[in-house]
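Listed in order, the protein sequences are those of chains A and B. So for the first sequence, my numbering puts the first residue at 1; every next one is plus one. So for the second sequence, my numbering puts the first residue at 1; every next one is plus one.
Please keep in mind that the hints were generated in silico from the structure rather than gathered at the bench. Built from N, CA and C at the ideal position, the CB exists for glycine as well. Don't take each hint at face value.
Calculated cross-link-like contacts (lysine to any residue; reagent style SDA-like; alpha-carbon spacing at most 20 Å) [what the hints assert, rightly or not]:
{"#": "1", "chain 1": "A", "residue 1": "Lys397", "chain 2": "B", "residue 2": "Pro74"}
{"#": "2", "chain 1": "A", "residue 1": "Lys397", "chain 2": "B", "residue 2": "Ala61"}
{"#": "3", "chain 1": "A", "residue 1": "Lys397", "chain 2": "B", "residue 2": "Ala70"}
What follows is a list of derived Cβ distance ranges for each label pair [what the hints assert, rightly or not]:
{"#": "4", "chain 1": "B", "residue 1": "Ala34", "chain 2": "A", "residue 2": "Gly228", "range": "30 to 36 Å"}
{"#": "5", "chain 1": "A", "residue 1": "Ala130", "chain 2": "B", "residue 2": "Asp42", "range": "47 to 53 Å"}
{"#": "6", "chain 1": "A", "residue 1": "Gln221", "chain 2": "B", "residue 2": "Pro41", "range": "17 to 23 Å"}
Letter by letter, the chains look like this.
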Amino acid sequence: MTSAENLQAFRRDGRIVVVGASLAGLRAAETLREEGFTGSLTMIGDELGEPYDRPPLSKQVLTGWVPAGNTKLPRRREIDAEWLLGVPADGLDLAANHVHLADGREVPFDRVLISTGVRARPWFVESEAALDGVFVVRTREHAEGLQRALAAGPSRVLVIGAGFTGSEIASICRERDIPVTVAELAPAPLVGALGAMIGEVAADLQRAHGVDLRCGVKVTQLEGDAQGRLRRAHFEDGTTIDADVAVVALGGIRNTDWLRSSGLAAGVWGIACDTGCRALDLNGLVTDDIFVAGDVARCPNPIYEYRLISLEHWANAVEQAGVAAHNMVSAQADRWPHLTIPLFWSIQFGVNIKSVGVPTFADEVVVTQGSVPDHRFVAAYGYRGRVTAAVSFNNAKWLDHYRRLIETAAPFPPPCPAPDQPADMKPVPVDFPGPVLLAQGATVVVTGHDPSERRVTAVRQHR
Amino acid sequence: MRRSGAGFRARSSQSLVVVEMRVVVDLSRCEGYAQCAFLAPDAFRMHGEEALMYDSNPDDAQRDRILRAAAACPVQAILVDRLEGRDAPTEASPS
Ligand SMILES: Cc1cc2nc3c(=O)[nH]c(=O)nc-3n(C[C@H](O)[C@H](O)[C@H](O)COP(=O)(O)OP(=O)(O)OC[C@H]3O[C@@H](n4cnc5c(N)ncnc54)[C@H](O)[C@@H]3O)c2cc1C
């Protein structure tokens, strides 16, 4: 695709294949048509049915309000695609330019978008994961099963992992007046994403709502009865807890296994790409016809020292899909870089938690406005004297202000922009958990700062 | 706003015609003004002071109220299905 004529011919009757027919895939397809692509469009997805929205699955679906099958995504326009659903892609041949499906079919393409997202990390012992009453939440089927189990009035729910999804599920349990224990290896909920200070606030929030929160603990075994129903969980310190439902909320695994022999830079970290969403090959060279978007992508962000960053954020999937699709049907000179500042939200215990930027890219954090005890505040994160992120609890109206501070590399700590200046505005160390706690899904970690101290340590896949 | 064909029609093999809307709120934009919860309370509900939960596929009977809520949103975070005749995916027969 070098000359203008070639591009025109491609836009008129080229073949685009999208692998992963969910949020990113659908929004990309819509943008391709919006931009005037009239060639053939094929949507490959291993889930049956129409693309649906996932954030409600741990929120209004689990409360019992919205049925799990009722989160189908609205369409911005007709996409006139051929849908190949219910069969996963299991290979990508870059020499022949086709996607290989698990049922043996081969789907040829001129350009392909990979948006295969993430799946839930299962409990590490297969037989225990298969017990009646043990759940993960990533798909509508998962959410439907868990909502039914919650509706049956379990005596206790055990949530393993206090990240965003686990915390949201614990919140729903309390709302439904179901006793819930949350087990977390780190010192507090949400610390891996937001650091120790916000983690403390999240811990208070959970306890104030009656969650039996246990931090610094490790669940080692799920025990079933003779009928294969979950009965209790064992902790590393030898204690046990009786529960008839356990939700394994230990994060996700990027769906890149099917690309193993493709020659792309794909692995547990995702698929590396440039800011134009073009995939990198194993050598780190940019490819011409392979694009990536959504949770599976690992994209450099110039604001964060060009580091490759993977985000499991709804808004990122939507925006990156738009950029990828635009670039797929544009000449090199007209391409866009995906440069948005990450935005995330979570709803738990009646609080709207939002973040902008990358809170893990920080050495200090400070409450800049509002009141922590009232659970209405904003905290800003800084790295070497500049603002790199902000988190709000019930104070979303201010996040856009902080987004601009991040984009303009404003000095940290920033002044309070409103009359609600907190009494104490002293920055504290951000304090993220050590590498062992961040190691979920990683195979190695690198520690040490000076060249003489740098070491690679192998880590286990499961905790 | 035309009403015909705006909802989803089940496949012809079923006699039942389900008419529902599709709604998604970009909660990364939502700032909790709660206009939607006021204008279409059956579809949009506040959870605490600021967080919004909503029905993604509400009954088509609520269409007018939901469109009004979408129009009134100060940050234009509510997306409602723009399709008239949907190209529903034809499911691959896993052979
Ligand atoms: C319970 C839950 C709550 C969430 N809450 C929030 C929230 O509050 N805020 C927020 O910002 N984000 C939230 N998210 C994250 C958000 O839903 C994701 O960022 C978004 O779904 C990413 O879209 P995607 O299209 O990239 O990936 P996905 O939605 O994961 O879609 C990938 C699709 O590809 C399919 N696929 C995978 N492998 C193959 C293959 N080999 N062949 C064919 N198809 C394949 C998958 O089955 C899936 O259908 C939440 C996610 C979950 C699960």
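Which of the stated hints cannot be reconciled with the structure, identified by number in ascending sequence?
2, 4, 5, 6
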